[in-house]
Amino acid sequence: MEKKTLVMGVIGADVHAVGNKILYHAFTAAGFNCVNLGVMVSQEEYINAAIESNADVIVVSSLYGHGELDCRGMREKCDEAGLKGILLYVGGNIVVGKQPFDEVEKRFKEMGFDRVFGPGTPPETTIAALYEDLGVQPPEETEE
Amino acid sequence: MKPVLLMDFGSTYTKLTAVDVESETLLGTASSYTTVQTDIGEGLQNALDILEQKTGKLDFAERYACSSAAGGLRMITSGLVPELTAEAAKQASLGAGAKVIRVYSYELTKKDVAEIVASRPDMILLVGGTDGGNSECILANAKKLSQVDPICPIVIAGNRNCADECEELLEKWETHVCENVMPKFNELNIEPAQHEIRQIFLNRIIQAKGLSKASELISGIMMPTPAAMMAAMQLLAEGTKAESGIGELVAVDLGGATTDVYSIADGMPTQSNTIVKGLMEPYAKRTVEGDIGMRYSIWGIVDAAGIDRVSQLSGIAPERAKEMIQFLSENTETLPQDQEWENLDFALASLAVETAVARHAGTIEQVYTPMGLAYSQIGKDLTPVRRIVVTGGAIIHTKRTGEIAAHSLQNPNQPGSLRPVGAKFLVDRKYILAAMGLLGQYYPDTALRIMKKELVEATE
Ligand code: B12
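Going line by line, the protein sequences match chains Z and G.
All letters in the first sequence, in the order written, are residues 1 to 144 by the working numbering.
All letters in the second sequence, in the order written, are residues 1 to 460 by the working numbering.
Some hints could be false.
What the hints assert, rightly or not - Cross-link-like lysine-lysine pairs, in silico, DSS-like; alpha carbons within 30 angstroms at most:
(1) Z:K109 / Z:K21
(2) G:K277 / Z:K109
(3) G:K2 / G:K241
(4) G:K111 / Z:K77
(5) Z:K4 / G:K143
(6) Z:K84 / G:K277
(7) G:K143 / Z:K3
(8) Z:K77 / G:K144
(9) G:K453 / G:K2
(10) Z:K84 / G:K144
(11) Z:K77 / G:K110
(12) G:K57 / G:K111
(13) Z:K3 / G:K184
(14) G:K184 / Z:K77
(15) G:K184 / Z:K4
(16) G:K241 / Z:K77
(17) Z:K77 / G:K143
(18) Z:K4 / G:K277
(19) Z:K84 / G:K110
(20) G:K184 / Z:K84
(21) Z:K84 / G:K143
(22) Z:K84 / G:K111
(23) G:K322 / Z:K21
(24) G:K57 / G:K452
(25) Z:K3 / Z:K109
(26) G:K277 / Z:K21
(27) G:K277 / Z:K3
(28) G:K322 / G:K399
(29) G:K241 / G:K453
Claimed, not checked - A partial selection of chain Z residues facing chain G, derived with a Cβ cut-off under 8 angstroms:
(30) V15
(31) G31
(32) V35
(33) V39
(34) M40
As the list claims (entries may be wrong) - Estimated spans, in silico, between C-beta atoms of each pair:
(35) G:A118 / Z:K84: 44 to 50 angstroms
(36) G:S272 / Z:T28: 23 to 29 angstroms
(37) Z:R72 / G:E167: 41 to 47 angstroms
(38) Z:Y131 / G:D164: 30 to 36 angstroms
(39) Z:F101 / G:S272: 34 to 40 angstroms
(40) Z:A128 / G:T274: 34 to 40 angstroms
Calculated directly from the structure, the hints in this document are not laboratory data.
Glycine residues also receive a C-beta, built at the ideal position from the N, C-alpha and C atoms.
Using the sequences plus the hints, can you model the full thing?
This is the structure:
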């Protein structure tokens with residue numbers, strides 16, 4: 001299978017590093033070619049990395065509550081940069097406190113995100129979504 | 001005694017340095033006006049006569065040369081994203097000693113291609129995309145270039161998956177394929193491209209520039225002068241097996257038209273809560289400030305630093321300073337004759353050093369997070385560097401070298417600039433560094449020991 005490329009990182013001034021590392025390992029093991037930008041990533045960095053690496057999807061994490069502010073305008077910037085139709089995922093603790101998730105999801109979808117994941121989403125859920133959206137299969141178990 | 005001659009063919013001067021590699025001593029230096037238009041051998045002969053008047057007749061066992069004549073190695077680079085592969089291509093070219101005429105990013109337009117052709121580069125470096133990444137851009141650019149008549153060699157160092165296709169598109173051109181300058185996202189890999197650039201310079205460009213006339217006089221290695229300077233700095237910093245180097249350093253070469261800055265330092269963050277942003281920068285990095293120079297680019301210094309600071313540092317009223325600067329920009333050969341002109345040159349040199357090193361060094365910004373301060377660093381952190389090497393006419397021919405060099409250090413008005421905090425200043429009084437870079441290709445221990453002996457410390 002041709003490997004799909006994803007660009008990932010924690011957006012804005014957010015320094016929560018642990019989840020990002022876990023996701024990186026999970027996505028890599030699931031057969032994706034991961035460009036991990038780490039923490040404190042600006043919209044421009046995701047976009048530039050996606051252009052050079054010809055990425056299929058950008059996976060944005062936000063843990064510290066300011067995700068909504070940080071993510072605003074991201075889709076428009078992607079369009080501007082020629083990344084028309086690139087998949088945008090977001091997850092983590094993307095808003096402050098406990099808000100009804102369907103409202104949160106709606107707001108992020110309006111911003112142009114294709115998939116929005118609530119707090120505590122396990123990596124498997126995201127991976128399943130990636131396989132579905134990108135039309136690929138899990139890598140076959142290789143003999144050790 | 002085993003005398004070796006080191007030649008530096010510049011666009012205006014031919015500089016010679018003679019060393020005895022047996023006793024590891026400098027025998028003498030000399031320079032003479034170069035006449036590239038007529039015959040390079042003539043300038044060389046004149047300089048040799050001057051040299052031998054000082055040293056007596058020398059029977060050179062070996063002769064090595066570097067050159068920045070005829071504009072040096074003039075390059076165009078083309079990459080994808082300005083901050084990423086386009087920047088990587090620029091850094092690769094500068095590190096190889098090139099003069100980068102222009103950096104293009106994204107897809108070239110017809111107008112861009114016409115501009116490239118009109119600017120008559122010696123070489124083009126074509127990159128874009130990580131390996132397996134974007135291929136549209138580099139292919140589109142190869143296609144655009146294939147539609148015009150070949151003008152120079154092209155080095156292809158982009159996404160490896162489309163290197164073959166680029167070569168096919170550019171079949172009329174002389175192409176050289178090498179490893180990607182950015183094989184993975186944010187991973188710089190500029191040495192292979194630099195090696196290729198030097199090789200092409202050696203095999204092809206020096207002939208085109210009429211330097212081969214001198215080649216029967218040369219036993220080996222022609223490289224661009226800045227590449228020789230870079231080699232010298234790397235040798236001085238790192239040392240050899242037999243002789244230790246002086247450690248991480250920054251070097252400033254203040255010229256009439258440009259100011260070059262080199263750093264041999266890893267530049268990693270020095271504070272723990274720092275996150276590095278932007279393209280990883282090379283350990284051996286060179287920048288060229290085309291708008292900062294003591295004569296041809298004198299107004300660039302004023303534009304960057306402001307006339308008030310020129311006035312404050314020189315003690316000359318702004319209006320008078322402007323008049324003097326205008327005069328110098330029109331009479332580029334002028335050397336300071338009295339105290340007032342010396343003061344002006346002092347101020348200009350200080351501000352040129354300050355500006356050029358500030359642009360070369362990284363920057364750091366405080367980021368306020370709810371749990372306190374964090375830092376975000378772009379570029380190299382040079383604060384721990386403890387050695388600064390300075391060269392170039394306006395710095396080495398003045399008594400105030402130390403004071404000028406001190407402007408390369410961090411100052412409280414620009415707290416975000418990651419320049420060295422405190423350092424020892426080493427002066428290339430005899431202007432031998434490029435020559436030592438050349439010598440170092442064959443006699444690294446000797447070249448290193450001569451540099452350590454000849455570089456003199458300047459105090460503020
Ligand atoms: C450790 C920690 C810190 C450390 C971080 C150290 C570091 N460098 O990593 C420090 C002390 C620096 C810190 C600071 C702050 N923190 Co804090 N922190 C935590 C804590 C306790 C654990 C985070 C963690 O590592 N979890 C373990 C990893 C594995 O889980 P994770 O990060 O959630 O990631 C998983 C999932 O979220 C998911 N995921 C993540 N991204 C994505 C993306 C997609 C697309 C998908 C599908 C899934 C997904 O998958 C990951 C792997 O399973 C959490 C509370 C908690 N228990 O979660 C608070 C917490 C995240 N912090 C919080 C806050 C508010 C802050 C501060 C703003 C202030 C403060 N109270 O200290 C600052 C912000 C600093 C900054 N600029 O970012 C809040 C956020 C509240 C909100 N969003 O409404 C939390 C939830 C605590 C709380 N209940 O109040 N924090």
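Looking at the structure, which of the earlier hints fail to hold?
12, 16, 23, 31, 35
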